[in-house]
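Build the complex from these two chains, which are given one at a time in their own frames, with help from the hints.
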Amino acid sequence: MPTIAMPEPDLGILARASQIIERLTAVVSAEAVISDPQETRAYECDALAAYRCLPLAVVLPRTTEEVSAAMKVCHEMGVPVIPRGAGTSLAGGALPTADSVVIGIMRMRDILEIDTANRFVRVQTGVTNLSVSAELEASGFFYAPDPSSQLACTIAGNIAMNSGGAHCLKHGVTTNNLMGIRMVMASGEIVDIGGPLLSGSGLDILGLLCGSEGQLAIVTEATLRILPRPEGARPMLIGFDSAETAGECVARIVRSGLLPVAIEYMDDVCLRAVDAFANAGYPKCAAVLIVEVEGSEDEILHQIMRIRQIAAELNPVEFRTSRNADESLKIWKGRKSAFGAMGRLGDYLCLDGTVPVSKLPYMLKRIGELSKDYGLEVANVFHAGDGNMHPLILFNANAPGELERAEAFGADILRLCVDVGGCLTGEHGVGIEKRDLMTKQYSADDLAIQMEIKSVFDPDWLLNSAKVFPLEASKPYRDKAVRG
Amino acid sequence: MSIDESAIKALPYPVSPADEAELAAFVGESHARATPMCIAGGGTRVQPGSVEAEHMVTTRNMSGIVTYEPGALTLIARAGTSLQEVEDVLAAEGQALAFEPMDHRAILGSKGAPTIGGMVSANVSGPRRIQAGACRDHLLGVRFIDGRGRTIKNGGRVMKNVTGLDLGKLLCGSYGTLGVLTEVALKTLPLAETEKSLGFPGVTPREAVEIFVAALATSFEVSGAAFHAGTAWLRVEGFEAQVDYRVGRLKELFSGREIDVVAHAASRNLWRDLRDVRHFAPSEDAIWRILIKPTDAPDVMAALRQLGGEASLDWGGGLIWFSGPASSAAVRKAVGAGRAMLVRPGSLSAADLFPPENSAVARISAALRKTFDPAGIFNPGLMGN
Ligand SMILES: Cc1cc2nc3c(=O)[nH]c(=O)nc-3n(C[C@H](O)[C@H](O)[C@H](O)COP(=O)(O)OP(=O)(O)OC[C@H]3O[C@@H](n4cnc5c(N)ncnc54)[C@H](O)[C@@H]3O)c2cc1C
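For the record, the sequence lines run as chains A and B. Reminder that position 444 of the first sequence reads as 444 in the numbering used here, one-by-one numbering, no gaps. Reminder that position 173 of the second sequence reads as 1173 in the numbering used here, one-by-one numbering, no gaps.
It should be emphasised that the hints constitute simulated quantities derived from the structure, not laboratory data. Predicted model, so just to flag it, every value in this text is computed and none were measured. For every residue, glycine included, the Cβ atom is placed at its ideal position computed from N, Cα and C. Do not rely on the hints blindly, as some may be mistaken.
Claimed, not checked - Derived DSS-like pairs: lysine-lysine, alpha-carbon spacing no greater than 25 Å straight-line:
(1) A/Lys170 to A/Lys284
(2) A/Lys475 to A/Lys440
(3) B/Lys1293 to A/Lys440
(4) B/Lys1370 to A/Lys475
(5) A/Lys284 to A/Lys365
(6) A/Lys480 to B/Lys1370
(7) A/Lys475 to B/Lys1251
As the list claims (entries may be wrong) - Estimated spans, in silico, between C-beta atoms of each pair:
(8) B/Ala1265 to A/Arg272: 34 to 42 Å
(9) B/Arg1272 to A/Met305: 48 to 56 Å
(10) A/Ala481 to B/Ala1360: 17 to 25 Å
(11) A/Pro459 to B/Ala1018: 38 to 46 Å
(12) A/Glu297 to B/Asp1260: 23 to 31 Å
(13) A/Pro7 to B/Ala1281: 32 to 40 Å
(14) A/Val317 to B/Gly1230: 55 to 63 Å
Bound-form chain B, shown alone (with noise of 0.2 Å):
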């Protein structure tokens, strides 16, 4: 496997278990003992220094998938897993992670191998958030290692399932800070057989937007829609005749307009480099992530733009990618009722990546901090306290 050796030898006392029992009394130690530990996956994300720990811990000798049964499109997979490894056997039946996760290797500069259980912890989606869900939607069920050393399990690994309160969505985006997880059960979708996007040059974003609100109320399931560099992109997915179908109505809703079309494995290099914002890739600048109402974000992006920078659109305007010099708290400022995370910090401090909660919401998220670890050894300060 191949994992960030440099990222990871920086940080003193790397420690990468065998298994779940080895982890589990080794995180009962640090619990005893009080000493905090940074934990990574791949090591595609995580930031030597923006953690304070003694400890890098990685799930890299926890790999391998445990169950894959096509037939009732789950599988079952060791969190050290890396994601490539889980997406070749998925396609190899013809299925996939229907909500596409991204690659950040682009725009962070890392060189490990994203692993199921980082993009679990990050809750790592693409564009076909808009139409599949996000990775949370998707994770049927997972085992961790809390921050006293127990081995809990919860969900499992069926379609649906209300047994017992869903720790499985609190894992999933607690970047590390609730449990180190061990094992996450997927659910798994049938691949499209084809797809074709659709192209808007010379478009603004709100134009951009005002595609995205039209296409997006239609049936036709459009499964990604994006903006960059003057130009907004509609996908749609399916089989053969559908996927023309598909297209041919969306044409005629947008006579008016210049279109272009973009069909198979363009289509899917297109929505590839979309995905992982790699027209930001080339920059220096802090890269920010953030969550606006759709028809909100034309202003948003103007304000932003005011502050030297640039901004590309996903998920029909529901998410905006910014690169720029600002300060953060100019970028919230500008960002109003959006949340804005900082993705890669450029110089900016590492210490905010998150947006604050409000106060209540803060209350309740370090409480239940405080019993998933209640020694605070899981990567401290990097959502707070």
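In isolation and in its complexed conformation, chain A is listed as follows (with noise of 0.2 Å):
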């Protein structure tokens, strides 16, 4: 039996259901209403697969004021609202309660504005990310931000859960990507913060908004920073006969003054299932590093050489550089595709602690002992750079007891991170999964005031209200706000 609750549904608003879905319908498209379980259940749960519930019903617009319109009709009968872009996150953000509408964004997906001479797009949050810079192919330029669910997920789910990638060393994350949106309120109002201006001036709502995992409102719109492409870029490959040597390598590359666009990961166990799924020829090792420079042809030189001496000093046992555009592609792909390759192994849970990076090294050892203690194999692939780790426990579903065991491996390592200065979450978000783990890492006034801003934004706290803070912190909240 999976572990994290959640609040039993509402029976006043399961009793209403039928006008629910009448009034819904009666405000957007007949075709943007959901509510056969037969098709809602591609929305009963995201990528943490364990926790699946149907929804009451699910609605897909095509315009902010749809939206708007969907989000007066929950307000006014008191109908919690789950936001969702395309449903991969990590972390159950999108994971449905029975009482609740589901308002996805997946449908809108326009790209509103394209000005290169001030470096910004404008676009519905529905797009992909990876349509974002494909659109922007043509004219040299490219949005930063690169999580490797980049194929699937929204620019909607990106903002809620400010997420990241293997670039954001040199670009940052969303947030630092961000410039502007439209956002439809807990009450359906329509507010717009900030636009293509450099800053704002007043309070940085925008910087509250990001990452705020679909609790304070529903986005629809974003003004993102654009980039112009580099002219070059190369990954070098780094093998290593032990992960702590491989921890130490990143450490040293960052503190050379050098600032590569990427340095990922890789521990054997992942080595040996990406090769079999994306046949990268990745060299077979304790660990790997990818680390990418970019810049014009001796600029990358430059760097590749500095590189190579820093590593050096640590006895690599392979120290390769992509030969050609095939062979980067290669190396990215299989890194991309980590997390597929590891899914064909079995099931496993994704964790996402940040450390600092000189920790690196002891996290990796106290990962391997906790592994053998827990009986439970453990694969490592993380963005090494800026210290996000992703390791992932491989467990067997069917087999009783093993998801509880591998959750609690899960929370061990979290923990760990909390205790050596990092954080929970890097870049995945709180969801459901480490809801309850937020106490660790916050005090009761550290999460207060975060609660208390929920209510300013949604004080029947209707949006995705059972998640992020642990059940028991939220219940007051929860409570006290009205259920028509």
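In structure tokens form, the structure reads like this:
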């Protein structure tokens, strides 16, 4: 039995299901409302698939006005709302409850404005991450944050989770590349924050919204900062015979003053899975770093030379530079398909704690020890340059008790991250998954002020309300909220 | 530590708590009695009289670097630490705050030492904003005392952190209206080995923005794009060979134009002066900081000059500095969709520093301030009600 609890559904709302669906159908086009369990099944979970629940209904609007109309109905009728993008959240952020309406923005896929002179694009947030950069290809620009799920995940989900990616070491995560949003408040009101200007002048509400996990509003449009493409880029592979040495190499590269665009880490368990899947030709050793540098040919060669010097002091078993575009593509294909490849080995739990880069060697050692204690295998594949770890705990969902054991193991790793000065989640968000561990990182007051802020935006606690905050801590807020 | 003593003494009852606990107790008491306070770091920007307060609270006794880990690119410092101390410690390890915080003393004529807490409260950034981001983009975590006297932490000390709501972003740029910062964690970055600047003399604002647009569309990581007194400036940074290469390529791109190259120390001084807007320091007029879409900047500059006064550009045209005698209403009208903030009031009313927000944003902002500070005791009136 999965161990994360969700609140009991409100029976009063369930009893009014047909009225709710009727009212929703009246304000958005009929084809935008789904309530047949055959069809709502597709929305019962996200990528944290161990947790599932059919929602009362799903609404798939095409405009901000339709989102607003649907939100107003839910607000008036006191119905909980689950904002949803593509459903690739690994934290259960898009998991419905039986008494909730899912409002999904995935049909809102228009590119509204491309302004390369002022270096921004404006999009509806249902566009996928990759399609934004694809749209910009001809103009020589790109959108920097590149989560591995970029083929599927939406800009809405990226904003809600403040998503990162392999290339964020240099260009920052979503919040550093977001200039403005249009959002629908819990009341249905439409509000614009920020825009093409480089900074706001009042309180940074945009910064608050980014990473707020659908707790504060439904984001329907976004203005994104775009960057010119680099002249060239080249990855190199550095293999080590121990995880700790690879961790040490990361710390030394960061310390050296070089700023590669990406430093990614994969261990042997992951390498085997990926090689079988993507045929990426990775070396066979305990750990591999993918380091990518950018610039002109000379700039690239200069940086490779310096990284080679740093690595050489640590006796790598292999140092290989990509020789052509094809090899580069293969190297990245392997990394970006790592989660998918791991999925073929069986079930896994993907963690996301972040630690100071200098603590990576220690963390890798401790995770290895814990793996033996729990009797569960772990694969490590992660954004090493910024200390954002992704231990994947392998388990068999059909074996009784294994999921619980995996979750306990995961919780131990996350506590360890906090203990060494890090945090529970670097880019995947809290969702339901890390909700009850929040007290490890934050005091009662730290959490109270965050929940008071949620109440400013969503006084009735309708938006994604059983997430992010420990259920016990949020109970007074959820109980107080009047349900119609 | 050198603090602008006269500015602080001008207000009754200066209070300088020794530590976080003492500050929390003081704020808790002020909350209970609803007695407002004016919060100062180094006192370089607080103008006595701009805030109606019974106390001046300073963080001067809460200073010092808590940890600096160059290998993890992170620094944690108490709010009252002087920016100079931080910059010196970083420079000794070949690192810096990449957002290049400006020093307001030149244009404000103030004497105190800017503090790291003040810098974060005002989200102070400089020319490198266009390439490296603003102060808020480098803020990893905060500790602060809210308006009820609660001690709150948010974020942490790691590069990536999405654990809960990001309150650091809210505190950054809130000018002390949400809480008193006690500690900040910042991302540090390696200093570039060297830099060079390209000057384009005798250009109009429109040509300057054309140059910026073209240069910022290249992959040469232009880290400064400013215009003043008829000259447009571009800066490139990196290791020696890289900088030479980039300068060469940019010269090719603008081969029809006259270009002067300024290197190393001269380039650094140039950008320090542009950063601090020293060119407007001598005048007595008000100084405005105006955020604008770069391609709108030339027209807005022309409209501003109609009002009398002078304007310069930074951030590739995204920021206009304007110094002139015009009224606040006239300036805000001239900037249209841009946003004008009064940095040095001159003879204008200091009650009018921030541009008005749209009504929904104003309502949300007011509700947020009430959440952080229910009794309205922090810098009342500074950012509206
Ligand atoms: C194989 C794989 C690899 C991944 N790699 C990465 C990675 O490298 N980096 C990374 O950061 N993440 C990664 N993720 C996690 C996930 O892809 C991101 O969190 C992504 O941003 C979620 O986008 P989505 O459109 O799928 O959102 P969803 O999963 O649908 O929703 C995510 C959250 O956003 C909220 N939300 C959705 N739409 C809105 C809206 N319009 N307004 C307000 N809130 C909304 C939801 O309620 C939910 O809480 C990966 C996931 C998978 C499955």
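Do the hints match the structure? See the list:
1. A/Lys170 to A/Lys284: Roughly 28 Å between the alpha carbons, so the hint for lysine 170 of chain A and lysine 284 of chain A is violated.
2. A/Lys475 to A/Lys440: holds, 18 Å
3. B/Lys1293 to A/Lys440: Distance of about 43 Å is beyond 25 Å: violated.
4. B/Lys1370 to A/Lys475: Cα-Cα ~22 Å, so holds.
5. A/Lys284 to A/Lys365: holds, 20 Å
6. A/Lys480 to B/Lys1370: holds, 19 Å
7. A/Lys475 to B/Lys1251: violated, 63 Å
8. B/Ala1265 to A/Arg272: 34 to 42 Å: Violated, since alanine 1265 of chain B and arginine 272 of chain A (Cβ atoms, about 54 Å apart) do not stay within the stated range.
9. B/Arg1272 to A/Met305: 48 to 56 Å: With Cβ atoms ~33 Å apart, the hint is violated.
10. A/Ala481 to B/Ala1360: 17 to 25 Å: holds, 22 Å
11. A/Pro459 to B/Ala1018: 38 to 46 Å: holds, 39 Å
12. A/Glu297 to B/Asp1260: 23 to 31 Å: At roughly 28 Å between Cβ atoms, aspartate 1260 of chain B and glutamate 297 of chain A fall inside 23 to 31 Å, so the hint holds.
13. A/Pro7 to B/Ala1281: 32 to 40 Å: violated, 60 Å
14. A/Val317 to B/Gly1230: 55 to 63 Å: About 59 Å separates the Cβ atoms of valine 317 of chain A and glycine 1230 of chain B, which means 55 to 63 Å holds.
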